[in-house]
Each structure stands twice: as C-alpha cells, then as structure tokens.
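My numbering puts the first residue of the sequence shown at 1, with every later residue one more than the last.
Derived from the structure by calculation, the hints contain no laboratory data.
Note that the coordinates shown come from a computational prediction; the quantities given were computed from them, not determined experimentally.
A portion of the hints provided could be inaccurate.
Calculated cross-link-like contacts (lysine-lysine; reagent style DSS-like; alpha-carbon spacing at most 25 angstroms) [stated by the list, open to error]:
#1 K296 with K282
#2 K290 with K127
#3 K248 with K120
#4 K415 with K92
#5 K208 with K248
#6 K282 with K265
#7 K173 with K328
#8 K338 with K170
#9 K92 with K296
#10 K143 with K360
#11 K143 with K101
#12 K245 with K143
#13 K136 with K247
#14 K70 with K422
#15 K208 with K245
#16 K328 with K415
Here are the simulated distance ranges between beta carbons [claimed, not checked]:
#17 S393 with K296: 37 to 43 angstroms
#18 P54 with K173: 44 to 50 angstroms
#19 G291 with G46: 52 to 58 angstroms
Note that CB positions come from ideal geometry on N, CA and C, so glycine has one too.
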Amino acid sequence: MTQISMIFDSSHISSAVSLASALATLLITVWYFLFKRRGLPPGPVGLPYFGYWPFLNDSDCHLKLEELKKNYGDIYCFTSTGRLFVIMGSIKIAREAFSTKSDCFGERFSYFGVMNYIFKNGLALLKNEPWEVMRKFFVHVLKERIAIFLKNSTSESIYDSVRFIISDLKAKKGEPVNLTALLTHKCSSILRLIMFGEIGATEEQIRKFYELYATESMNITPTSMFLNGTIARHFIFPLQPEYQKIKKCHTQMENIIFEIVEEHKSTYNEENIRDIIDDYFKERDDRRRKGDPTAKYFTDETLIGTLIQMIGDGIFSVASFISLWMKKLAEHPEEQDKLYQEILDVIGLDRQPTMEDKSKLTYFNAFISEVMRTSDFFNSFPSLECIKETTISGYRIPKGTVMVLNFYSAHRDPKIYEEPEKFNPARFIEANGKRRPEQPITFGIGKQTIMFGRVLYNDASFSIPDYSSSEFPSRITKRNKYNWLRTVYVRKSTHLCTS
Numbered sequence: 001m002t003q004i005s006m007i008f009d010s011s012h013i014s015s016a017v018s019l020a021s022a023l024a025t026l027l028i029t030v031w032y033f034l035f036k037r038r039g040l041p042p043g044p045v046g047l048p049y050f051g052y053w054p055f056l057n058d059s060d061c062h063l064k065l066e067e068l069k070k071n072y073g074d075i076y077c078f079t080s081t082g083r084l085f086v087i088m089g090s091i092k093i094a095r096e097a098f099s100t101k102s103d104c105f106g107e108r109f110s111y112f113g114v115m116n117y118i119f120k121n122g123l124a125l126l127k128n129e130p131w132e133v134m135r136k137f138f139v140h141v142l143k144e145r146i147a148i149f150l151k152n153s154t155s156e157s158i159y160d161s162v163r164f165i166i167s168d169l170k171a172k173k174g175e176p177v178n179l180t181a182l183l184t185h186k187c188s189s190i191l192r193l194i195m196f197g198e199i200g201a202t203e204e205q206i207r208k209f210y211e212l213y214a215t216e217s218m219n220i221t222p223t224s225m226f227l228n229g230t231i232a233r234h235f236i237f238p239l240q241p242e243y244q245k246i247k248k249c250h251t252q253m254e255n256i257i258f259e260i261v262e263e264h265k266s267t268y269n270e271e272n273i274r275d276i277i278d279d280y281f282k283e284r285d286d287r288r289r290k291g292d293p294t295a296k297y298f299t300d301e302t303l304i305g306t307l308i309q310m311i312g313d314g315i316f317s318v319a320s321f322i323s324l325w326m327k328k329l330a331e332h333p334e335e336q337d338k339l340y341q342e343i344l345d346v347i348g349l350d351r352q353p354t355m356e357d358k359s360k361l362t363y364f365n366a367f368i369s370e371v372m373r374t375s376d377f378f379n380s381f382p383s384l385e386c387i388k389e390t391t392i393s394g395y396r397i398p399k400g401t402v403m404v405l406n407f408y409s410a411h412r413d414p415k416i417y418e419e420p421e422k423f424n425p426a427r428f429i430e431a432n433g434k435r436r437p438e439q440p441i442t443f444g445i446g447k448q449t450i451m452f453g454r455v456l457y458n459d460a461s462f463s464i465p466d467y468s469s470s471e472f473p474s475r476i477t478k479r480n481k482y483n484w485l486r487t488v489y490v491r492k493s494t495h496l497c498t499s
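Whole structure, please, built from the sequences with the hints as guidance.
Printed below as a string of structure tokens:
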C-alpha cells in the first residue's frame, strides 16, 4: 500500500508540474505575441505561420484589402508565411513612408518571393551604391535612345503603327479582338528600334520574348505576392501551377537575352556603338580605364536582368496601359469630343503631335490621370522593405516589414477624390480656385519609383493624341483571369472622333 501511495502521489506531482509548465509556456507565448505586436498598426491575426494568407483569394483580393481598410483604417497589417506586411491604403500614408521617411525604406525583396524571382539580378533588386549607379546610367541612356529614335526618320513608324492598328480594328468588322495583343505587336517593333536599332535584336527574338513575358505576367496572382521565405519557396510555390509556368517562361526569356548579349560581345566595337547593350559595354570599359571601382557593378547578370525588366515594361506593360486608355475612350464617348477639340486647338490637322505638345494638352493629361486612377491593372504591390525601425502615422514599423502599396484603395479614397467611383477627368484640372487632387501613384512614390514604367509611359502617351483623332471601336467587353490584370476585348466598330 505504501508503494502504491507513493506512486499515486508522484503521478499527482508530475501532473501538477506538467500543468504548470504548460501554463507557463502559454503565458510566455501570449506575452511574446503581445510584446511583438505592441505599437503595430491594427489588423487581423490569422493562423500560425500562414498568417492571413489563407483568407485571401485571387478573384477578389483587392476587395478584401478594401474591406480591411474600412475596418482598420488607412494603415493596417497582417502576417503571411512568417513575415509582417503593412498595407498602406492612402496616398498620405505612402508619402509619409517613402518620401518623408525614405531613409527607413531602401530595399526591395530581400526575401524569396515571386517578384524576387522575376526581378533577380536586375536593377530592381540592387541596393545602395550599385542601385544608384545602375539607375543613373539606365535612365540616362534610355532617355537618350528615345530622343535619338524620335529625331530619326524612323520615328514616323509611331504614326504608321497607329494607322495600322486602326486599320486592323476596322478590318474586324465588329468581331472581338484582343486589343492588348494587337498593341503589344506594334509596341514591340517600336521598342526594338529604340533599344536595339535595326540589327541589335531580331523581330523574332523580341516577339518570342514578349509572348513569354505576357504569359509570365498573367500568372502572377495577387495572393502569390504575399508568399515569401524558404518554407514557401520549397513547399508552397512548387504546388502552384502558375509558379511553374512563371519559372518556365522566365528561363526561356533569360536564354533569349543571353543569346542577344553574347552576340553583341562577339561583334562589339567601341568605335561603332549600335544600341543600349553597346552603351553598357562602353560605359563599363570607360570606368575600368579610369580605375573607377563602380565598373564592377556592370556585370552580365545585371545587364540581362535589367534588360528583361526594360523590354517587358516597354512592351507588355505599355501596351496594356494604352489598351486601358482606349477602353475608357470607348466606354465614355462623352469624353471623345472634348479630347478631339483640344487636339484640334493645340495641334491641328496639318501636322503630327510632338513631345512639346503634351504639356499643352490640359484635358488630355487629365484624362490620362483619371484612367490611371480608375484602372485595376495593379491593385496592390509589395513595394519596399523597412531597413530601420520607424513609425508611420504613429504606429511602429519594425525592421524587415514589407510595405504594400494598395493602389485600389488609395485611388478611391473619398477624402482625396470626390465621388471616387465616377469617371471624371475634370477633377485633375484646377478651376475656380479649387485645387486638383493628388496624382495617381501607379508608378510608386519616392526615389524608387518604377523607373522604366514612368519613362516609357511618357513616351507611350506621346502617340495617344493620334489615336484620339482616328476611327476606333467603341463597345467593350472584357474577359479576365484575375481582376488586377485584364485582357481587353473590343466589339462593334464606330467613329471615336469625327471632324
């Protein structure tokens, strides 16, 4: 009996110790969780490790983020696969982070993610001095190449492309047409001449590249941009068919650009600079001769990664934006006469538009701003990573936090845009002493804006006035895989503007 009693007492003590240990572990976990979240923006909790990711859907991710903004405010946060994401749902919050406190947000994608994979080795993922050197070089050389193209007699091809597109649309006679695909083909011809001239890359190489880039872009899902880290890389991404398509396309794109670069290496002559790749080689060699240590940043990997971004943005992205502009023109025929009359007043009918005309086209520029504001091309984007703990709108932002620009919510903020759901270009024109609202932040805010997108957007908008005085289809239907990236289809030909 004594032994049984001792065993019984021992089991009671053991149970008490186990219970105490479990309670202590629970209390420590709760304390750590509360301590870790102290001062953070409000937001949903989600599941261990996965965070809020399982509650997001590709079909309505932007609407879910908008709902969270209504519940928690302009700035809120949640975790996803072990990382903290802070969602910025207003332009004011984004400016505080990326302009006022830009020194605290200086890196993109230090973790593995789908955007990290796509932009690997290129300018987008460079940091500190390498980023500054490469950005300065590519901005300068790209602007220079565009200027050369526009001054050259081949710049007439811009207007030829416009005329061919209008002719192709007429030829459809009311049949559905993939407008983005049509524009992409024309944009690729122009961009090839800007970047590579007549001989730097073949039409077939660029055509194949943009087909792959379009497929890759269409498989970037909204929820995949919230996946990150080693576990997601090895156990979640491989299960996603979209990611497998992205990998396959990206490998083929890299092979195409590698082939072009290798061909340039074998035929390079610094006395005969042919295109942007030769510009890169010459800049690298000049810096080496001067003993400039920054020459080491001009690697083949950086060149290939950056060219992938430049060509992709310059073709598919620009074509998609122009498609959105044309779609809005067809959806809002009341705007067509206003644009056409302004083009008559500023440019007339006896000449083609020039770059100098763009700043004089007040309503045209307002129309473009409104198209950018109301488009859902990108509804949200994980932008920069916090490199130094700071506060935004009074909330603590820890180092390593990923800041997400929520374009959908920011561009529909009723505090900034009166009647935000209404398409109204006039809101961007100052009148009767009323200040115009903030410009859309489609290309980001601060020093790390989407460089190539902005440069090529300015160039693309150069040709829009010519579309606006041409015949154009008006009735639109649309078919989309995800709401954030749409392929535009057009039906029923009619006059866009008539004289």
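Results of checking the hints against the structure:
With a C-alpha separation of about 13 angstroms, the suggested pair K296 and K282 falls inside the 25 angstroms cut-off, and the hint holds. For the proposed pair K290 and K127, the alpha carbon gap of about 24 angstroms is at most 25 angstroms, so the pair holds. Our distance criterion of 25 angstroms between C-alpha atoms is met by K248 and K120, whose separation comes to about 15 angstroms. At roughly 10 angstroms between alpha-carbon atoms, K415 and K92 fall within 25 angstroms of each other, so this suggested pair holds.
Proximity of K208 to K248 is assessed by CA-CA distance (about 14 angstroms); at most 25 angstroms being required, the pair is judged to hold. Distance check on the hinted pair: K282 and K265 sit about 11 angstroms apart at the alpha-carbon level, within 25 angstroms; holds. For the given pair, K173 sits about 20 angstroms from K328 by alpha-carbon distance, which is consistent with the 25 angstroms threshold. Restraint check for K338 and K170: satisfied, since their Cα atoms lie roughly 23 angstroms apart, inside the 25 angstroms limit.
Note on K92 and K296: the hinted pairing is violated, with a Cα-Cα distance of about 39 angstroms set against a maximum of 25 angstroms. The hinted pair formed by K143 and K360 meets the criterion: a straight-line CA distance of about 21 angstroms does not exceed 25 angstroms. A distance of roughly 29 angstroms separates the Cα atoms of K143 and K101; the hinted pair therefore is violated under the 25 angstroms criterion. Under the criterion of a C-alpha separation no larger than 25 angstroms, the hint pairing K245 with K143 is inconsistent with the structure, at around 33 angstroms.
With a C-alpha separation of about 30 angstroms, the suggested pairing of K136 with K247 is violated against the 25 angstroms cut-off. Using a Cα cut-off of 25 angstroms, the hinted pair K70 and K422 holds, with the two alpha carbons roughly 20 angstroms apart. Simply put, K208 and K245 have alpha-carbon atoms about 15 angstroms apart, close enough for the 25 angstroms limit, and the pair holds. With a C-alpha separation of about 24 angstroms, the suggested pair K328 and K415 falls inside the 25 angstroms cut-off, and the hint holds.
For the pair S393 and K296, the beta carbons lie near 40 angstroms from each other, so the given range of 37 to 43 angstroms is met. In this structure the hint that P54 and K173 lie 44 to 50 angstroms apart at CB holds, the actual value being about 48 angstroms. A beta carbon spacing of about 53 angstroms between G291 and G46 agrees with the range 52 to 58 angstroms that was offered as a hint.
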